[in-house]
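Given next are the chains, with one letter for each unit.
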Amino acid sequence: MKNPGLILVGLMVIAFSLITAISPQQQAWAEQSGRGQTLIARFMGGSREMFANQIFSKGDAYMHSGYYPTIFDSKKLHAPKEGESGGDHSAHKHDENGRCLTGEGETDILGKPLDWIDSFSRHFYITKHSHLEKGQEREMLPWLKLAAEMDPTQVDIYTVAAFWLRTSVGKPKEAEDFLREGLRHNPNHPELLLELGKVYLESYKDVDRARNVWELAKMRWYKVEAPKNENADTLMLEQIVARLADMEYKAGNYTNALVNYQLLRQLSPVPKVIDEHVKKTQEMIDAQGKK
Amino acid sequence: MMTNALALAGVVVREMYRRKDFYVLLILTVIITLAMGAVNFFNDDKIVRYLKELCLLLIWISTLVMAITSAARQLPTERENRTIFPLLAKPISRGEVIFGKFLGCWFACGMALLVFYLFFSVLSGVRENIWPISLYFQALWLHWMMLGIVTAMVIFGSLVFAAPSSNATICFVVTFGILMMGRHLNKVALGMAEPTSTIVYTLYYNIPHLEIYDVRDLIVHNQPPVEWGWWALATPYAAAYIAFFLVAAWWVFKRKSLSA
Chain F
1 MKNPGLILVG
11 LMVIAFSLIT
21 AISPQQQAWA
31 EQSGRGQTLI
41 ARFMGGSREM
51 FANQIFSKGD
61 AYMHSGYYPT
71 IFDSKKLHAP
81 KEGESGGDHS
91 AHKHDENGRC
101 LTGEGETDIL
111 GKPLDWIDSF
121 SRHFYITKHS
131 HLEKGQEREM
141 LPWLKLAAEM
151 DPTQVDIYTV
161 AAFWLRTSVG
171 KPKEAEDFLR
181 EGLRHNPNHP
191 ELLLELGKVY
201 LESYKDVDRA
211 RNVWELAKMR
221 WYKVEAPKNE
231 NADTLMLEQI
241 VARLADMEYK
251 AGNYTNALVN
261 YQLLRQLSPV
271 PKVIDEHVKK
281 TQEMIDAQGK
291 K
Chain R
1 MMTNALALAG
11 VVVREMYRRK
21 DFYVLLILTV
31 IITLAMGAVN
41 FFNDDKIVRY
51 LKELCLLLIW
61 ISTLVMAITS
71 AARQLPTERE
81 NRTIFPLLAK
91 PISRGEVIFG
101 KFLGCWFACG
111 MALLVFYLFF
121 SVLSGVRENI
131 WPISLYFQAL
141 WLHWMMLGIV
151 TAMVIFGSLV
161 FAAPSSNATI
171 CFVVTFGILM
181 MGRHLNKVAL
191 GMAEPTSTIV
201 YTLYYNIPHL
211 EIYDVRDLIV
221 HNQPPVEWGW
231 WALATPYAAA
241 YIAFFLVAAW
251 WVFKRKSLSA
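Keeping their order, the protein sequence lines are chains F and R. If you count the first sequence from 1, position 24 lands on 24 in my numbering, and the numbers rise without skipping. If you count the second sequence from 1, position 13 lands on 13 in my numbering, and the numbers rise without skipping.
Since the hints were derived computationally from the structure, they do not count as laboratory data. Keep in mind that a hint or two might mislead.
Stated by the list, open to error - Subject to a maximum C-alpha distance of 25 Å in a straight line, what follows is the list of computed DSS-like cross-link-like pairs (lysine-lysine): (1) F:Lys134 - F:Lys205; (2) F:Lys250 - F:Lys290; (3) R:Lys46 - F:Lys112; (4) F:Lys173 - R:Lys46; (5) F:Lys205 - F:Lys290; (6) R:Lys187 - F:Lys58; (7) R:Lys20 - R:Lys187; (8) F:Lys279 - F:Lys173; (9) F:Lys58 - R:Lys46; (10) F:Lys250 - F:Lys223; (11) R:Lys46 - F:Lys134; (12) R:Lys254 - F:Lys128; (13) F:Lys290 - F:Lys279; (14) F:Lys223 - F:Lys173; (15) F:Lys228 - F:Lys250; (16) F:Lys205 - F:Lys272; (17) F:Lys134 - F:Lys58; (18) F:Lys112 - F:Lys128.
To be verified - Chain F side only, calculated, beta carbon under 10 Å to chain R, not exhaustive: (19) Ile71; (20) Ile126; (21) Glu133; (22) Leu146; (23) Gln282.
To be verified - Quick look at which bits of chain R chain F covers, simulated, 3 or more residues with Cβ under 8 Å: (24) 44-57; (25) 70-79; (26) 108-115; (27) 168-174; (28) 215-221.
Idealized CB from N, CA, C, for every residue including glycine.
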């Protein structure tokens, strides 16, 4: 230990030499294990997908202000009431995305207290059903973000988050960014493209970009979903075509609107309603022709 | 009796604050909460409920760790170091030792709770601009009552189980089990065949329902406070279980040989 400075310099030389040797290997390892992966993805690997549903449900529980069924509750929130057909969702109101609206369906998930402890304990937790509103829906977003980190292939997470971001929270830019993140993980997924088109049309009023995105969504549906035959998600195509048709009609592109309305007529469970749109659009085309 | 017990409780409180457990847990809670609060979700700084939930969860874990680990080592340490003999040589009964040890641990937890809830209310108030003081007070009180039951249970366990580590582990499992499953045992029992159904229902009626004292969801989701009458009733319910465990501990301690 006569010259500690020399030892220090020696150690620095060794450290520098090691860095030059290890660094290329570390880079190669990072590329192999997936560059750009988040910390969660690196630590949890495949197991993270198991937690994604749980976290997504947590977001839903926030939406219902903490009033949410556990695995021990036999009744589910918004399940059909007794006597109401399980598949008959037309029996109550829905928002534009087909979600059940407040107050409809089964909301009493607890039922009557089974004993005095049950009755007493209900004064200490949430027993009334209410929904987040007036922008408070933002509170569920961290859970959706985390769920997307856990399982980036779950398309619903991106569309639900984007819906609330562009509507109640008023952040279309963030909705667009999140959908694009979803598209990076699920390239050209028609449902994500459908939601992205809504951002362009309803938030940015950008008809051209909305049209391009929805046309791509339609094309992708035929490529991805159509080969599934009976299992194909026709409701998704119905939504894409309906959006396109309405947008083209409002933009005055009646010929394009007519093509889409005619396609929608084949898909819709209520073609008579669509017939009226076809008729109205045809009249507009005729009127244009006369001019 | 009360003077001796309070004197002993004062010693326990001083000992607990000389140890670094509380400070470490508080600093960890503060750091984790602030780090999570700094996370940017969709450029929206009004999002706060996830942070409240996380902070309250950390407070619950920290205080349970404090209560269980401190109560579990009180009597075994006295016996191991043989300080129990000079302690009992003073005019103090075994019942007063049990009560004093319980009070010390419980008061220390209460003081720690005050600091934790102060941090939580400041954090929540600054982020959300609402100050539901009455709900915070109710939550703090109920939390403290719950810790009283747990502390008494652990002190009783320290006389039944061989080592503090096994006692602490068993008490952790029981406490978390009750907190997660206690509310649902009756529903589980209904779906079972006899005699399992009766056994589970008996268990349901006899366990201390610690989950009643957990009103975190009310705070997280900005719900109104618990009706004061019902809130007040939770106190004698806790007192009954505390008394049961302390009397049971005293009964075991009275018959226990100290030289072993």
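Hint check:
no. : hint                : verdict
1   : F:Lys134 - F:Lys205 : holds, 23 Å
2   : F:Lys250 - F:Lys290 : holds, 20 Å
3   : R:Lys46 - F:Lys112  : violated, 37 Å
4   : F:Lys173 - R:Lys46  : holds, 17 Å
5   : F:Lys205 - F:Lys290 : violated, 30 Å
6   : R:Lys187 - F:Lys58  : holds, 22 Å
7   : R:Lys20 - R:Lys187  : violated, 42 Å
8   : F:Lys279 - F:Lys173 : violated, 37 Å
9   : F:Lys58 - R:Lys46   : holds, 19 Å
10  : F:Lys250 - F:Lys223 : violated, 28 Å
11  : R:Lys46 - F:Lys134  : holds, 13 Å
12  : R:Lys254 - F:Lys128 : violated, 49 Å
13  : F:Lys290 - F:Lys279 : holds, 17 Å
14  : F:Lys223 - F:Lys173 : violated, 29 Å
15  : F:Lys228 - F:Lys250 : violated, 33 Å
16  : F:Lys205 - F:Lys272 : violated, 30 Å
17  : F:Lys134 - F:Lys58  : holds, 20 Å
18  : F:Lys112 - F:Lys128 : holds, 13 Å
19  : Ile71               : holds, 9 Å
20  : Ile126              : holds, 5 Å
21  : Glu133              : violated, 12 Å
22  : Leu146              : holds, 9 Å
23  : Gln282              : violated, 44 Å
24  : 44-57               : holds (count 6)
25  : 70-79               : violated (count 0)
26  : 108-115             : violated (count 0)
27  : 168-174             : violated (count 0)
28  : 215-221             : holds (count 5)
In summary, the numbered hints that this structure violates are 3, 5, 7, 8, 10, 12, 14, 15, 16, 21, 23, 25, 26, 27.
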